[in-house]
Structures are given as structure tokens and as C-alpha cells.
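J.: Now for the letters of each chain:
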Amino acid sequence: MPQITMNAPSLIRRLQARALHGLAVALLACSVYGGAGLPTGLPQAQAKEAELLAANPEIEARMLAITAELRCLVCQNQTVADSHSGLAGDLRQQVRELLAKGKSDDEVRDYMTQRYGDFILYKPPVRASTWLLWFGPGILAVIGLMVLVHILRSRARMSPEAFDPDQPDDADAQDALNRR
Amino acid sequence: MKRFILPLGIFVVIAVFLGLGLRHDPREVPSPLIDKAAPDFALVTLADPGKTLSRKDMLGKVWLLNVWASWCVACRQEHPILVDWASRKQVPLIGLNYKDERADGLKWLAEGGNPYDESVFDFEGRVGIDYGVYGVPETFVIDKQGVIRYKQIGPITPQALRDTIEPLIQKLNS
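These protein sequences, in sequence, are chains L and F.
Every letter in the first sequence is one number past the one before it in my numbering, and letter 110, counting from 1, is 110.
Every letter in the second sequence is one number past the one before it in my numbering, and letter 169, counting from 1, is 169.
By construction, these hints were calculated from the structure, which means they are not laboratory data.
This structure is a prediction, so every number in the text was calculated from the model and none was measured.
With a cut-off of at most 20 angstroms between alpha-carbon atoms, the simulated EDC-like pairs for lysine to aspartate or glutamate come out as follows:
#: 1; chain 1: L; residue 1: Lys101; chain 2: L; residue 2: Glu58
#: 2; chain 1: F; residue 1: Lys89; chain 2: F; residue 2: Glu118
#: 3; chain 1: F; residue 1: Lys36; chain 2: L; residue 2: Asp110
#: 4; chain 1: L; residue 1: Lys101; chain 2: F; residue 2: Asp130
#: 5; chain 1: L; residue 1: Lys101; chain 2: F; residue 2: Glu124
#: 6; chain 1: F; residue 1: Lys107; chain 2: F; residue 2: Asp84
#: 7; chain 1: F; residue 1: Lys51; chain 2: F; residue 2: Asp104
#: 8; chain 1: F; residue 1: Lys61; chain 2: F; residue 2: Asp143
#: 9; chain 1: F; residue 1: Lys56; chain 2: F; residue 2: Asp35
#: 10; chain 1: F; residue 1: Lys151; chain 2: F; residue 2: Asp130
#: 11; chain 1: F; residue 1: Lys171; chain 2: F; residue 2: Asp143
#: 12; chain 1: F; residue 1: Lys51; chain 2: F; residue 2: Asp117
#: 13; chain 1: F; residue 1: Lys144; chain 2: F; residue 2: Asp35
#: 14; chain 1: F; residue 1: Lys51; chain 2: F; residue 2: Asp40
#: 15; chain 1: F; residue 1: Lys36; chain 2: L; residue 2: Asp118
#: 16; chain 1: F; residue 1: Lys151; chain 2: F; residue 2: Asp163
#: 17; chain 1: F; residue 1: Lys151; chain 2: L; residue 2: Asp118
#: 18; chain 1: L; residue 1: Lys103; chain 2: F; residue 2: Asp130
One chain only, chain F, in its complex shape (with noise of 0.2 angstroms):
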């Protein structure tokens, strides 16, 4: 019996490892840049190409930067999410058109409702690169001094705001 009980022991180990690993979603990595400054960009918005919008406009505000396409299937699901909250939300949400047709991004707005104080458009995705963007959609929450304090990967979810970015927020601006 005694013999069984150092593999026994050994297995258990390597079990709950395994176990444990399956708990974490490799899809996730952890963004470099929580608690760093905001990359600064100025691009033009979505709706008047005459028009820029930079990082600098927004200092002073807590605000929502949120990552999304036409193109993006899972953005699909949380287009609903983000139109609901922009009813009641207290912050500025900034949309980041990531590699998108000018006029399919617009269309996506007029079908779904637009709940962007305002969209820019990033056709070449190079400020997708700077603010480490791999999945569309994701989100960043950025404060007042321009430092990113969290960033959300794939979509929104009604618990991920109730839970985490509204509290947030609340801190953030008090």
C-alpha cells in the first residue's frame, strides 16, 4: 500500500496544476500597459474626416475608450450592451474604428444606435498597435491624469460593467 503512495502523491500534484490551468484563458494576456499613460494619438472621427480628435482633449475626464469594428463579430454582441449603458453612463465613451471602411463603420452606427460621444477612425490600425490591440473588441478605462487603469478584452458584458467598470469609474471621479 505504501508504494502507491508517492505516485498517488505525485499525480495530485500535477492534477491540480492541470486543473488549475484550465481556469485561465490563454486568449487573455495581461496588457503592459495598466497604470501607464494613455498612448497619445490624434486621429480624425468616424462621422467628419475634417475633424480630429486626440488624447489631450480628453484629459481632465475620466472617460471609456472602446475598440470596435464593423467587421468584428463579437462586437456584434456587445453593440446592444453599450447602447443601453449610454443612456445612463457618466463618462464620456470614446469608439476607436479599428481598421474599418469609413462607410461600413457609419452604416453599423445608423443600424445599431451609436452610443460614442464620438468615434475615431483608425483605418491603418496603427493606434490599435500603440494601445496593444489584438482583439477587437476591447476597452480601456482611462482617467482624469490620461492613465489607463483597466482594460477590458472581448466584449462587455452587463456584469463586467456592473462589477468592475462602474464602480470603477465612480472611484475614479470622486
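Just chain L, same shape as in the assembly (with noise of 0.2 angstroms):
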């Protein structure tokens, strides 16, 4: 027991070392996969989105609830709002061309999965080849507190002798109680 709890914190250092490290590997892969779109247009990109952010704040913020709510496919932890991948920029650009020629929120997300699936959306539709998705965390909590019921219910029923006396589980515990 006392040599995994010396070993506790350097483990989790362990742990938090790898983790940034996948971090930065993710976040150089994307910049490298974004950047390939437009080798050297990215600020050129941003200033021209924050153009197109002024010219009509209406369209803009619709566009946006509705970016947040797609992945992109390129750097699939993102969001097509938040990605600065070159078709990412391309497909906010998309959406505004559609939200502008009067398309409801709706239509362009059906633009969307038309041309990449259901996987573009961060919330995926209720159908049967997604119930699991949807239903299977409530079914495994049902089954969980059945199966706690249950036990508790036996144990209930057990009489006292079943049970141990209490036992002290550390040293500090037992001086506290030798103390007393």
C-alpha cells in the first residue's frame, strides 16, 4: 500500500507528460493539415473572415450556432466554428452563402450531412442505428441502480453476525482509537 502511494504523483506526472505530448502532436497535426490548404493565405484568411464578421452581424451569428454544432472532418475535435483548417474556413463560408440566399438552419445542416453523413453532426439524429447511442447510458444507469437495489435488499435481509465488526483500515485511525 505505502509504495503506491509514493508512486501516486509521479504516475499522474507520467500521465500529464503524455497527454501533452498527444496534445501537441494533435495540434501540430492540424496546423499542418490546415495550413496545407492555403499555404500562406491563413492571415489573409482571418482578415477576410473578420471582414465578412462586420458586413452582416445577423447572418454571422447564425452561422456560427450552427458551425458549433459540426465537426470538422479535417481536425475532428473541432468545430467547423472553431477550426482554422482550409475547409473549414471554406464550409463557414458555405453557410453563409446558404443562410443568405434565405435557407433555414435546418436545410443547411441537411446541406451538410448530404455531402458528409451524420458524422458532421456533434448531435446525431434519433434513429434506430443510433438508439444505443442515445439510450444505452440511461438502460446501463437502470441496470446499475437495479443491481445496488438488489444488494442492498440482501443485505438487509442477512442478520448481524454476517457482518465483521468495523476494523480500522490505517495506522493514524488506530493511534486516534488506542488514544480515546
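If you follow the hints, you should be able to join the two separate chains into one complex; please do so.
T.: What follows is the structure, encoded as C-alpha cells:
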């Protein structure tokens, strides 16, 4: 036991280091993929986006709300709203144009799923193939509760002799008891 | 001993699911366009800004649409395989030069060889979006009716050609 408590902080540190390393690799990969589309054009692209943002605040607000729920397929843990990849920039522009043409939010989402599938939606639709995804956690929670109730009930029926008296589980607690 | 069986069982189930998860490539997103009509396009060709090629021009033929770009690293790996295949292929291979500069694209073909019957020039990436392109290179096999029958995500390998693409072309052509 004491050995594990001594090692735990160093283990956590090591896990943190690995997580950071993974993050760095992911960021690097995204910047490589993202930068690939417009090798030298990123600052201009950002300036252009800022300009468009000022031009029509209402459409921009709707565009950001929609793209915040779309997965960027190049950098899969980012939304289309967040990503700097070339494709995400193009998709934001496409959403702007569709909205400017008077399309509804749902029509824009349909446009995206027709091309990229449900995978692009961070909030997948409820249908037969996603029932497990939507209801699985609830079912697991119900099973867990049922098991818990079953265990508590069977323990309540046991005689007191079936339980060992409580044992102090470490030296400090033992000392405290002795001092009493 | 008996009390270990349940946790062990749960562990095995979880391990099997996680193990299966490792075998899936999350970068390969199944395309919803398979078995649907290939989206319409009409683009100027890379070689000649005055010449247009459209999906309609390809109706009646089985053909391949290969998305490529001179900035694409994996295309560099794929290109020699396409050049080699071009000498013995039975069907037209059309390139979709995606979000590239015209001069860079032409230089790429001059240096590495040109396996394409024609390359169309999608500077803004609009046709790419219609085809659900998200990682270059990608390749579509399109049948005589203009329906997408297969999509290869990532570079074409000799193995993919031999085991998947060539048999499919033969089937579609028969």
C-alpha cells in the first residue's frame, strides 16, 4: 500500500506528460493539415473572415451557431466554427452563402449531412442506428440502480452476525482509537 | 474465486470492445454519397482555362475521379502508382485539382508525369464540398449512369487497385 501512495504522484505526472505530448502532436497535425489548404494565406483568410463578420452580424451569428455543432472533418475534435483548416473556412463561407440565400438552419444542416453524413453532426439524430448511443447510458444507469437495490435488499435481510465488526484501516485511525 | 468471475467477465467485454475500436480508423468517414448520383459539376480544365468538362460529358462511361493537389503530401505517395496504372487502365481517369494554384498543378504534372485523361480545376473547392471531400487524395468510382459506386479515402495503393477498384470496374463495365 505505502508503495502505491508514493508512486501515485509520479504516475500522474507521467500521464500528464503523455497527455500534453498527445495534445502537441494533435495540434501540430492540425496546423499541418489546416495550413495545407492555404499555405501562405492564413493571415489574409483571417482578415477576410473578420471583414465578413462585420458585414452582416445577423448571418454571422446564425452561421457561428450552426457551425459550432458541426464537426470539422479534417481536425475531428474541433468544430467547424473553431477550426483553422482550409476546409472549415470553406464550409463557414458556404453556410454564410446558404443563409444569405434565405435557407433555414435545418436546410443548412441537411446540406452538410448530404455531403458528409451524420458524422459531421456533433448531435446525431435519433434513429434506429443511434438508439444505443442515445439510450444506452440511461439503460446502463437503470441496470446499475437495479443491481444496487438488489444488493442493499439482500444485505438488509442478513443477520448481524454475518458482518465482521468494523476494522480501522490505517495506522492513524488505530492511534486515534488507542488514545481514546 | 467465484466473486472474481463477474468483474473478470466485465473486463473481458470492455477489452473486446476497446480492442475492436482500435481497428477502426476514425479518419475514414463513410460517405453518404455511395450509390447516389454523383453531384453535377462543370469546371474549366487545368490545362486550358477555355475548356469546360462536366459530369454529363462522362455519362455512359465508367470513370474515376481522383481528387489531388500539389500541396497534398499523401498525393506525392499516390502519384507514381496512378502514373503506373494509367498505362494499363481501361477507363478514363479524371483529376479534380483541388484548391490549388494553376501553375503549381501544371508543374506537378510536368514533373511527376500526367496519369489523367483530363484534370479539372476547382480553385475554390466548391465541387470538393459537393463531393464531400475532406482529405485529399480521395478517389471516386462512378458508373455509366453517373452514380458513385465507391470512394477511396486517402491514397490509392496497388493493393486497393488490385483487390477493390479493378474488380469493381470490370463488374461495372460488363
